[in-house]
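Peer 1: Letter by letter, the chains look like this.
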Amino acid sequence: MLFNSVVFLQFFLIVYLLYILLQQRLRLQNILLLAASYIFYGYWDWRFLFLIAISTGVDYTIGLMLGRTGTQSRQELVHRKILLAMSVAVNLSILGFFKYFNFFAEGFAGVLELIGLTPNFVTLNVILPVGISFYTFQTMSYTIDIYRGKLEPTPSLLDFAVFVAFFPQLVAGPIERAVNLLPQVQQPRRIRMGQVYAGLYLILSGYFKKMVIADNAAVISDRVFNSYMDYSGLDIWIGVLAFAVQIYGDFSGYTDIARGAARLLGFELMINFRLPYFALNPSDFWRRWHISLSTWLRDYLYLPLGGNRGSSLQTYRNLAITMLLGGLWHGAAWNFVLWGAYHGLILILYRIFEKKPAHLDPWSGRHPYPLVAIKMLGMFTLTLIGWLIFRSTSLPQIVYMLANLAPVASPQTADMAAELAFFALPLLAVQLYQYITDDLLILTKLQSPLRVFLYSIGLLWIAVFGIRTLTEFIYFQF
Amino acid sequence: MSVLETVKSKPSAAQDGLPQEILPWASPRKVLRDLLAALLLLLVFNIAAYFFLGFYTSNYGFWVVKSKWRLLTSLEQPVDWLVLGDSSANQGVMPSILAQEGGKSAINLGTIGDMILVEKVMMLEYYLEHHPPPEKIIIVHVPDLWHRGFNPVLLSQIPRPWGYWQEHSITAELLVEDWERDIFIERYLPLYTQNRSLRQIIYTSMTNLRSPFNNGYRLDPYGYFPAERSAPERVVLGAQDYKRFAEENSFQISHQNRLALEYLVKLAEENQFDVYLVPSPAYEGLRHEQSFQNFLEEMHSELSEISTSSQYS
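From first to last, the protein sequence lines stand for chains A and B.
Numbering follows our numbering, with no gaps: position 379 of the first sequence is 379.
Numbering follows our numbering, with no gaps: position 244 of the second sequence is 244.
Any given hint could be a false lead.
[What the hints assert, rightly or not] Simulated restraints on C-beta separations:
1. B:Q240 x A:E113: 45 to 51 Å
2. A:P370 x B:L40: 43 to 49 Å
3. B:Y188 x A:Y433: 32 to 38 Å
4. A:L17 x B:Q252: 35 to 41 Å
5. A:G306 x B:V31: 46 to 52 Å
6. A:Y433 x B:G216: 36 to 42 Å
7. A:A429 x B:A172: 51 to 57 Å
8. A:A85 x B:T207: 55 to 61 Å
9. A:A429 x B:Q200: 20 to 26 Å
10. A:R68 x B:V31: 43 to 49 Å
11. B:Q200 x A:L384: 25 to 31 Å
12. B:S27 x A:L303: 42 to 48 Å
13. A:A409 x B:V31: 46 to 52 Å
[Unchecked claim] Chain A regions said to be covered by chain B (calculated; three or more residues, Cβ under 8 Å):
14. 30 to 44
15. 193 to 199
16. 268 to 277
Treat the hints as calculated values from the structure; they're not laboratory data.
Quantities reported herein were computed from a predicted structural model and do not represent experimental measurements.
C-beta atoms are modelled at their ideal positions from N, C-alpha and C, and glycine is treated no differently.
Could you build the full structure based on these sequences and the hints that come with them?
Peer 2: Shown next, in the form of structure tokens:
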């Protein structure tokens, strides 16, 4: 069930009305949320429900067992490790099979062919369950946090199942931590009006970003990436820029709708984007882009690998591994691996050349304004190169496009630029205002007539410029 | 004056240079007021779009239908020859030449093919209600139009008061239950139904700085729509389509067109005028195609059968 479908709007309205009717009855509300979440997910393919149920059952049971196992004796510690390994193994096996089986089978066959062997591997027609990477990571963090003693296991299977399957964020995040979401499931929720107002605003913002900005930018980027040889250097830049706008609008739009819908239900989900294209350096970019994934990778991969506690070389190795796996998380394709490697590389180079962290408040007076602007532009250009790799479908395409980025115009350049500017400039204007005021909800604090006028212009633009054909959110495939 | 509302709690400073989400103050009244006000303003935009598109739509077909019906409803004097039909009539028959050559007054009310013969009957009924019968009616259609069914939603584009179709017996007969709802949505919710026209108008106005009040379409005073430039490549493509159509189909008259023909015969007999059914001019290359010739012969034969049933038609 896609957020940008009429079915979802009807579904959410019904669920919300029932939810309000069940106020003060926490258990019934949670049953409703679980049923709604399973309907939401099963709407794609009912068979996916088995996977989510297995993931839920395994981590719930292991969580309870971990909770009952002490930390005093060596035997208990070994037992805890085995339990954790079981949880990680089950989750990664599900993820690995459904997402990476064919990728690795084909890769392995390729290697064997290189050394003269003729492999006879079977590639399976495996359907990728939507959002599998998101909820797998979410449930894994639960058992890891219990193992680390940061979290008590929940005795309620219902509460845990709601935590895993909570429909607003089930298929494309934010990847919530149990420490944040589980207590909200367990305790009675009080819906405050500020939350409702901000929720409605986020939903409007999300639909605007997805239907007006991302889907229209996609028309330009698809054109360029699908027949890149027909375009000049400037056209390719515009195509890549369009993809940068598309992927941000698409993913942050989804997150906005998810967080907005959750707020209407009285939940607070974590912020997933903090104006990523305003980042000053690679490190800053990852504090602003897909924050729930980057912090997950930091806490459950980078730090356990040693983080930056060892030598410089060890830190670079840890960064490289984390970013490579982060790239692979996005999908079973080499372009994602390359994209991860690329970000790993620029993070390492940044650490080598930038001695002091410069991501602190850029307006504190430590940095002259022109330097801040130059840094932003530089980082944004690096981000664009990353998106070129991410969006390309083959290595020759990446090489060709990178080699043809010379600023050469074509007769269609001006029209393409105007088209992109038409859809991207409103986003830029709003974000600039958010950046200057340091408040992502600043539009909700404008004077009433101006605020309402902007909301209605947003609705008008969705009605007139919104792409009506149902397009999936990019991050569903991850 | 600040554009920001006075907030009850001061926003906290951003941490680590990253922007925060500071929840706005809100009461149930504020939520409801803003929601309703935004929706109300959207409704105002919708009404504005309705009136605007009535005259300046970028949809050529819709514009022609509206313009021709306005011409018909504002016609003060009767005419000798009434030209009806589809776009081939609209762009193919010059009433001024009929006046010059034959000394007869004429008006061209040709619209679009998808309105099929049903709309011509409606136009004729309207004309006859307000004027004495003309001497001759010329109906110019492309040959494949006789196959087409009628899309009732197109009635929404005719600029007459709501429910006008009930005044016409043909539409009353063709009307089915959910027509009116569809016509209402198509007509009165242009933000939803005519978003492509609006999109084009807003986009070109903002990126090319072109006036939204100039869609570039102009009729002459007698309803003729002059083509501003020739497009021979489109003629050739169109001819290929017709050739294929004639090869794949034998001549047929759709249920709605047949019904309209029956009404036409009845009107001709009641008001004693002649009706000329004229196939639109065809590309020379197409004329020589055997399949197309066969198709025209079938058409001629079937329509002649109907015309001989009346002394006037």
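Peer 1: Against each hint, give a clear statement of whether it holds in the structure.
Peer 2: Each hint, compared with the structure:
1. B:Q240 x A:E113: 45 to 51 Å: holds (49 Å)
2. A:P370 x B:L40: 43 to 49 Å: Given a distance of about 45 Å, which is inside 43 to 49 Å, the answer is holds.
3. B:Y188 x A:Y433: 32 to 38 Å: holds (36 Å)
4. A:L17 x B:Q252: 35 to 41 Å: The hinted range 35 to 41 Å is violated for A:L17 and B:Q252, with Cβ atoms some 51 Å apart.
5. A:G306 x B:V31: 46 to 52 Å: holds (49 Å)
6. A:Y433 x B:G216: 36 to 42 Å: holds (38 Å)
7. A:A429 x B:A172: 51 to 57 Å: holds (53 Å)
8. A:A85 x B:T207: 55 to 61 Å: This hint holds: roughly 59 Å between Cβ atoms.
9. A:A429 x B:Q200: 20 to 26 Å: holds (23 Å)
10. A:R68 x B:V31: 43 to 49 Å: 46 Å Cβ-Cβ, so the 43 to 49 Å window holds.
11. B:Q200 x A:L384: 25 to 31 Å: At roughly 30 Å between Cβ atoms, A:L384 and B:Q200 fall inside 25 to 31 Å, so the hint holds.
12. B:S27 x A:L303: 42 to 48 Å: At roughly 44 Å between Cβ atoms, A:L303 and B:S27 fall inside 42 to 48 Å, so the hint holds.
13. A:A409 x B:V31: 46 to 52 Å: Given about 49 Å between the Cβ atoms, the range holds.
14. 30 to 44: With 0 residues closer than 8 Å to chain B, the region 30 to 44 of chain A misses the three-residue bar; violated.
15. 193 to 199: Coverage by chain B holds for the region 193 to 199 of chain A (6 residues, Cβ < 8 Å).
16. 268 to 277: Since 3 is at least three, the answer is holds.
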